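Trainee: Sequence:
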Amino acid sequence: MTNNLQGKKIGVFASGGLTAWTVAKYAKEKGADVSIYWADVGQYDEPKIGLFFAEMETLGIDVFKLDLQKQVAIFAADMLKFNACYEGGYWNSTGALRYILVKNISNMMKLHKLDCYSHGCVGGGNDQKRFSQYSKAFIPEIEEYLAWKDAEFVARFKNRHDMVAYLINAEVSPALVGKDTESTDSCLIGTSYESTVLETLDFDYSDTPALMSVAPWKVTTESTQASIRYVAGKAVAINELPVSELQALRSANEIGGGNGISLRAVIENRVQDTKCRGVYESPGMDLLAVGLQSLRQVYFSKEQGIAFSKLSTQAGQFIYRGQYTTEQAQNIVSELETLTSTLSGTVTLKLYRGNILCIKVCELEQAAHDLHQRRFADGGHVWSNADA
Numbered sequence: 001m002t003n004n005l006q007g008k009k010i011g012v013f014a015s016g017g018l019t020a021w022t023v024a025k026y027a028k029e030k031g032a033d034v035s036i037y038w039a040d041v042g043q044y045d046e047p048k049i050g051l052f053f054a055e056m057e058t059l060g061i062d063v064f065k066l067d068l069q070k071q072v073a074i075f076a077a078d079m080l081k082f083n084a085c086y087e088g089g090y091w092n093s094t095g096a097l098r099y100i101l102v103k104n105i106s107n108m109m110k111l112h113k114l115d116c117y118s119h120g121c122v123g124g125g126n127d128q129k130r131f132s133q134y135s136k137a138f139i140p141e142i143e144e145y146l147a148w149k150d151a152e153f154v155a156r157f158k159n160r161h162d163m164v165a166y167l168i169n170a171e172v173s174p175a176l177v178g179k180d181t182e183s184t185d186s187c188l189i190g191t192s193y194e195s196t197v198l199e200t201l202d203f204d205y206s207d208t209p210a211l212m213s214v215a216p217w218k219v220t221t222e223s224t225q226a227s228i229r230y231v232a233g234k235a236v237a238i239n240e241l242p243v244s245e246l247q248a249l250r251s252a253n254e255i256g257g258g259n260g261i262s263l264r265a266v267i268e269n270r271v272q273d274t275k276c277r278g279v280y281e282s283p284g285m286d287l288l289a290v291g292l293q294s295l296r297q298v299y300f301s302k303e304q305g306i307a308f309s310k311l312s313t314q315a316g317q318f319i320y321r322g323q324y325t326t327e328q329a330q331n332i333v334s335e336l337e338t339l340t341s342t343l344s345g346t347v348t349l350k351l352y353r354g355n356i357l358c359i360k361v362c363e364l365e366q367a368a369h370d371l372h373q374r375r376f377a378d379g380g381h382v383w384s385n386a387d388a
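If you read the sequence shown in full-length UniProt numbering, its first letter stands for residue 1, the second for the next number, and so on.
Within a straight-line C-alpha distance of at most 20 Å, the following computed EDC-like cross-link-like pairs (lysine to aspartate or glutamate) qualify:
| hint | residue 1 | residue 2 |
| --- | --- | --- |
| 1 | 48 | 182 |
| 2 | 136 | 327 |
| 3 | 360 | 222 |
| 4 | 275 | 87 |
Everything labelled a hint here was simulated from the structure, so no lab data went into it.
Since this is a predicted model, take the numbers as computed values, not measurements.
Using the sequences and the accompanying hints, generate a full structural model.
Mentor: And the structure:
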């Protein structure tokens, strides 16, 4: 890894967050030819992203923008089908996003003939590991510049407060408020929250202002019903309106978030096998997952259910650890595709203040009816298929 940036062409994966912003300005200051690669992933944070773009223009840094909302939604649909969440029901929003970003931006970076790439993910953290692993898979010919291993960078920026002080000016100050003590990462899949207080286990996280949802105790509406049609494990209609993957996730986020499907805290085993509390929300994923859970109950045999549980857990771990491109992960995906190909039907859900109930399942394939055992349909004195 080079620390001499003079004359190097360096591309920075950036969302407008504090650290990537600092890395970009620092690299430019050191004589690098810097480009920013920014993606619209349906993020709910960074409302003042325009100030970041304007500052890059002032610094003479090109910004390449990509719309990856569709790609995010397609990957989210696969995660839902496979139930590939991580510990505590965390929907892998950050791990999935690193895979999507590197996979879809890598070709542009190759075309631009970069010497190095960089990003703003914290040194030694989950996302730094994910970026490194996916970049080895998709752009092995482009060298990685890790600011955390640049002695001069580390000496100059000892903390996030130093970064804010480095970047601050009258034009950009509104975009930097609070960034020295807190951080968010957001896309259509979900939003994660980190801060000085949130990583303290005895701090009550429940009143953290959520970007995608209303807290259950603040919901003022009565119960809401949502009808979701699934075909082969993917939502294809919501409330009888056909939907693409992107439309499904947007609609589910709106329905779930508005009905109190909100924050959760997970004390998770991190990539380096340390532990930290993460605070997350994924209202649309949580909503769509309940419907699929009902269909798995309808269609899967005991053996299939056990196999699915094991495979889905492994898939979630691979996404979390930044290993989704490995042969082992893709073999698991193939097995899950086969298992979930039967999951078709319409599920009606009732939502009320953070609760989701499956109240009806219909329009099932014949395979589900073949397994259905009844008692009262035959008079109540004997089960159908009693000798099965």
